[in-house]
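Take the sequence shown: its letters are residues 6 to 294, numbered as in the numbering used here.
It is possible that part of the hints are untrue.
Below are the BS3-like pairs computed for lysine-lysine, each with C-alpha atoms no more than 25 Å apart in a straight line [to be verified]:
#1 169 <-> 159
#2 175 <-> 159
#3 153 <-> 169
With beta-carbon atoms standing in for the labels, derived distance ranges [unchecked claim]:
#4 159 <-> 101: 25 to 35 Å
#5 70 <-> 175: 22 to 32 Å
#6 171 <-> 241: 18 to 28 Å
#7 264 <-> 197: 31 to 41 Å
#8 158 <-> 104: 27 to 37 Å
#9 105 <-> 168: 30 to 40 Å
#10 236 <-> 264: 38 to 48 Å
#11 170 <-> 233: 31 to 41 Å
#12 187 <-> 264: 17 to 27 Å
#13 101 <-> 75: 17 to 27 Å
Everything labelled a hint here was simulated from the structure, so no lab data went into it.
Where a beta carbon is used, it is the ideal one built from N, C-alpha and C, also for glycine.
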Amino acid sequence: MTGLPPARPLLAFVFVLICSGCEAKGKSLDAPPRRLESAITTTPAAPTPSSVEVTCEPTMLQVSPPGQPPFCVDRYEANLIEADTSRAHPATLRPAPGVRYRAVSVGGVLPQAYVNRFEAAAACEAAGKRLCRAREWYRACSGPDHTKYPYGNKFVKGRCNVDKGHLLHKLFGNVTYTYDAHYNNPSLNQQAGFLARTGEYADCVSSVGARDMMGNLHEWVADDVSAQLREELPLEKGDQWLGKRGMGVFMGGYFSSHGEHGTGCLYVTATHAPDYHDYSTGFRCCADL
């Protein structure tokens, strides 16, 4: 019967296999291996949440007032779409009761008028935004230099959509105007040469890029008339132009404004209740950054 093969040749064979990977010319088996970093292309680590730069969405602009938190503002005056169907709402009609709307900021369309502050705020909220505060609206209009007009300190006729004739008189003549039949008549903003499409006045743009902040439509802000409002806005016309506490505020004037309540970015109307609406009232949204 044949016995097992001798162990020594097997051990020698294993030793040869182990040493075959050793470097020649007397280098020690204990020499340090090559570092992995030199052999592998490393992939940068994913940024941590604190290192991700937060920016405004594409339809909004960043405003960074000195000493105040930055925020985002819509580039254009707002329009409404139905939140459940994304169907556009006609800008010359009142929002329909019971319908949930979402605000959108789009160029080249008639902006939504006939809207009150509560409706404007709800539409902004449905879009993940909020109604601008008065001081934010003013910063977005006047820029870091606090100019009187979106484009500078000197008035330029025709640069923004203001100083148009009295549309109610043109359409209805010398009658006693009523809230529903006249001030909220859809035909008002269907008249050519008055309400402009968003961005149509190409040079009516602030230093941050916001368009139509002077004229076209009044724009609701989130503030009520209060003592704090006096501290946050440079009220060009003084306190005598403010309504009683709790009244709503809209800013910027509209297409027939002639500076009655202030100049350009300083145009402040603060005498209507927050549920007021007519053919001149619109809005735009802001968002925290």
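Status of the hints after comparison with the structure:
With a C-alpha separation of about 19 Å, the suggested pairing of residue 169 with residue 159 holds against the 25 Å cut-off. A hinted pair counts as satisfied when its Cα atoms are at most 25 Å apart, and residue 175 with residue 159 does not qualify at roughly 30 Å. Distance hint between residue 153 and residue 169 is fulfilled; the C-alpha atoms sit about 20 Å from each other, no more than 25 Å. With their beta carbons about 43 Å apart, residue 159 and residue 101 fall outside the hinted range of 25 to 35 Å.
Range check, residue 70 to residue 175: Cβ separation about 40 Å, and the 22 to 32 Å hint is violated. Remark: the range hint 18 to 28 Å for residue 171 to residue 241 is upheld by a beta-carbon distance near 23 Å. Separation of residue 264 from residue 197 is about 24 Å and departs from the stated range, judged on CB atoms against 31 to 41 Å. Taking the beta carbon of each, residue 158 and residue 104 are about 43 Å apart, not inside 27 to 37 Å as hinted.
The given range of 30 to 40 Å is respected by residue 105 and residue 168, whose C-beta atoms sit roughly 37 Å from each other. For residue 236 and residue 264, the hinted distance range of 38 to 48 Å is not satisfied, since their beta carbons lie about 23 Å from each other. One distance hint, 31 to 41 Å for the beta-carbon pair residue 170 and residue 233, holds here, with the actual separation near 37 Å. Between residue 187 and residue 264 the C-beta distance comes to about 24 Å, which sits within the given range of 17 to 27 Å.
For the hinted restraint 17 to 27 Å between residue 101 and residue 75, the CB-CB distance of approximately 36 Å leaves it violated.
Checked against the numbered hints given earlier, the structure breaks hints 2, 4, 5, 7, 8, 10, 13 and satisfies all the rest.
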